[in-house]
Amino acid sequence: MKHEEIKGKIMAFMDGEVKSDLKDEIAQHIASCPQCLEEFEALSGVDSYLKNAGEISPPAYFRENIVRKLNENKERRFEFNILKLIPASAVLAVFVLFASALMIVSPYIYAGDGQDASKQAADSVKSAVITCMTSSVFAPAAYAALCGKCSENMCKSCMAKDPNHICQCGGHKHGK
Amino acid sequence: MDEDIKLMLDLKAGNNTAFNLLLEKYGKPIINYIYRFTGSKEDAKDLAQDTFIKVYNAAPNYTASAKFTTWLYRIASNISIDYLRRRKASGNPTSLDEEFETGDGKFKEQIADKNIRNALETAEKAEKDMEIQKALLSLPENQRAAIVLKIYEEKSYAEIAAVMGVSVPAVESLIFRARQALKDRIKR
Chain W
1 MKHEEIKGKI MAFMDGEVKS DLKDEIAQHI ASCPQCLEEF EALSGVDSYL
51 KNAGEISPPA YFRENIVRKL NENKERRFEF NILKLIPASA VLAVFVLFAS
101 ALMIVSPYIY AGDGQDASKQ AADSVKSAVI TCMTSSVFAP AAYAALCGKC
151 SENMCKSCMA KDPNHICQCG GHKHGK
Chain H
1 MDEDIKLMLD LKAGNNTAFN LLLEKYGKPI INYIYRFTGS KEDAKDLAQD
51 TFIKVYNAAP NYTASAKFTT WLYRIASNIS IDYLRRRKAS GNPTSLDEEF
101 ETGDGKFKEQ IADKNIRNAL ETAEKAEKDM EIQKALLSLP ENQRAAIVLK
151 IYEEKSYAEI AAVMGVSVPA VESLIFRARQ ALKDRIKR
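Quick mapping for you: the protein sequence lines, in order, are chains W and H. Here the numbering used here is used: the first residue of the first sequence is 1, the next is one more, and so on. Here the numbering used here is used: the first residue of the second sequence is 1, the next is one more, and so on.
Isolated chain W (complex conformation) (with noise of 0.2 Å):
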């Protein structure tokens, strides 16, 4: 190989990225030739002065430290998970069921609204459709049993209202 050749392999002769069979050419040739030589010094007092340089070693409880922030994580993630798990339909079949209580029973409320003689009933009316209309959400069966007591107090809201009111329900008797 030529001198411009070899020089231009310096570099990768010193990191030992040289083919086996070039490197006692390229060895050779540095020893003989001075500028070779020069070059060959040069990037070696490069190496060696970085080398130099001291290394840090992993804090007190670096393993620790990780184990703890992969167990946050965990937590983190298994707190998402669960939120995860309550799908969408289930969040919308709740609020469609609320608005439905509230359609049906809205009626029962503006009914219950009359003169002074009876608010005290509408009071009442309005108090037992507003606890049939969560009992509607939050558990069903309660509301169902309710479905009497609302036309029962429907029924007195109306006869305070108008002793000789006949109830179209047919329940007038419960003002009496």
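Mixed in with the good hints there might be a few duds.
Stated by the list, open to error - Computed from the model, here is a short list of chain H residues facing chain W with C-beta under 7 Å: (1) ILE132; (2) LYS134; (3) ILE151; (4) GLU154; (5) ARG179.
What the hints assert, rightly or not - The list that follows gives simulated cross-link-like pairs (lysine-lysine, DSSO-like), each with its CA atoms no further than 27 Å apart: (6) H:LYS28 with W:LYS69; (7) H:LYS6 with W:LYS74; (8) H:LYS187 with W:LYS7; (9) W:LYS69 with H:LYS187; (10) H:LYS12 with W:LYS51; (11) W:LYS9 with W:LYS51; (12) W:LYS9 with H:LYS183; (13) H:LYS12 with W:LYS69; (14) W:LYS51 with H:LYS67; (15) H:LYS25 with W:LYS74; (16) W:LYS69 with H:LYS41; (17) H:LYS6 with H:LYS25; (18) W:LYS69 with H:LYS25; (19) W:LYS7 with H:LYS183; (20) W:LYS19 with H:LYS67; (21) W:LYS74 with H:LYS54; (22) W:LYS2 with H:LYS183; (23) H:LYS45 with W:LYS69; (24) W:LYS74 with H:LYS28; (25) W:LYS19 with H:LYS183; (26) H:LYS187 with W:LYS9; (27) W:LYS51 with H:LYS25; (28) H:LYS183 with W:LYS51; (29) H:LYS45 with W:LYS74; (30) W:LYS51 with H:LYS134; (31) H:LYS12 with H:LYS67; (32) H:LYS128 with W:LYS51.
Unchecked claim - FRET-style restraints, in silico, Cβ to Cβ: (33) W:CYS33 with H:ASN118: 40 to 48 Å; (34) W:ARG76 with H:LYS25: 27 to 35 Å; (35) H:ILE186 with W:CYS33: 17 to 25 Å.
I should point out that these hints are in silico values taken from the structure, not numbers from a laboratory. Note that the Cβ used here is the ideal one computed from N, Cα and C, for glycine as well.
Following the hints, complete the assembly by docking chain H onto the known chain W.
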């Protein structure tokens, strides 16, 4: 099979002892690699933790497609690059730890200690380290990564290329330019 790959496959199978062994073997090299790359001793420790957390979390999907160390150093490199970008964005691109920057204070305290000779040696060593670290930080990121992997981690050009995602001739060129720049710096 490569011992490290076997440890990763053990970890994948749920054996946490394998993770401890990997930590024991590569904890120090990774901290030092990140330190040389970023110039911050303190942050290097945190970033090394993040590297191993990534390794642990990636274990369930691990496939032995490359050498373990190539994969490990690639993770450490990416974490370091992200860190350097964040630091750059915050207006503090390449700063050495305060421990170095305010050298006098710390070293004076040590010199005042009973064991003056040891304190002086420590101070000289720390100053030398600071000088070397400054020289490394003067290099562009890719040259720095390549020369650190070569000199301190003793990786082959092929392995450095795999870690950095570049070709072998590109690695040779990066290392050459880094050495030339450092050679000029040392001469001054």
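Do the hints match the structure? See the list:
1. ILE132: holds (4 Å)
2. LYS134: Violated - the Cβ of LYS134 of chain H stays beyond 7 Å from chain W, reaching only about 11 Å at its closest.
3. ILE151: The hint holds - ILE151 of chain H has a Cβ within 7 Å of chain W, the shortest such distance being about 5 Å.
4. GLU154: Nearest chain W Cβ about 9 Å off; hint violated.
5. ARG179: Hint holds; ARG179 of chain H Cβ to chain W Cβ min 5 Å, cut 7 Å.
6. H:LYS28 with W:LYS69: holds (19 Å)
7. H:LYS6 with W:LYS74: The given pair, whose Cα atoms are some 24 Å apart, holds under the 27 Å limit.
8. H:LYS187 with W:LYS7: holds (20 Å)
9. W:LYS69 with H:LYS187: violated (46 Å)
10. H:LYS12 with W:LYS51: Status violated; Cα separation ~36 Å.
11. W:LYS9 with W:LYS51: The hint holds at about 22 Å.
12. W:LYS9 with H:LYS183: holds (17 Å)
13. H:LYS12 with W:LYS69: Measuring from Cα to Cα gives roughly 19 Å; hence the hint holds.
14. W:LYS51 with H:LYS67: holds (25 Å)
15. H:LYS25 with W:LYS74: This hinted pair holds, its Cα atoms lying about 25 Å apart.
16. W:LYS69 with H:LYS41: holds (20 Å)
17. H:LYS6 with H:LYS25: holds (14 Å)
18. W:LYS69 with H:LYS25: holds (20 Å)
19. W:LYS7 with H:LYS183: Status holds; Cα separation ~16 Å.
20. W:LYS19 with H:LYS67: holds (23 Å)
21. W:LYS74 with H:LYS54: Cα-Cα ~13 Å, so holds.
22. W:LYS2 with H:LYS183: holds (25 Å)
23. H:LYS45 with W:LYS69: This hinted pair holds, its Cα atoms lying about 14 Å apart.
24. W:LYS74 with H:LYS28: holds (25 Å)
25. W:LYS19 with H:LYS183: holds (26 Å)
26. H:LYS187 with W:LYS9: Given that 27 Å is the threshold and the Cα spacing comes to 22 Å, the pair holds.
27. W:LYS51 with H:LYS25: holds (21 Å)
28. H:LYS183 with W:LYS51: Distance ~14 Å between LYS183 of chain H and LYS51 of chain W Cα, so the pair holds.
29. H:LYS45 with W:LYS74: holds (22 Å)
30. W:LYS51 with H:LYS134: holds (14 Å)
31. H:LYS12 with H:LYS67: holds (16 Å)
32. H:LYS128 with W:LYS51: holds (11 Å)
33. W:CYS33 with H:ASN118: 40 to 48 Å: Holds: the Cβ-Cβ distance is about 45 Å, inside 40 to 48 Å.
34. W:ARG76 with H:LYS25: 27 to 35 Å: holds (28 Å)
35. H:ILE186 with W:CYS33: 17 to 25 Å: holds (22 Å)
In terms of the numbered hints stated before, the structure departs from hints 2, 4, 9, 10, listed from lowest to highest.
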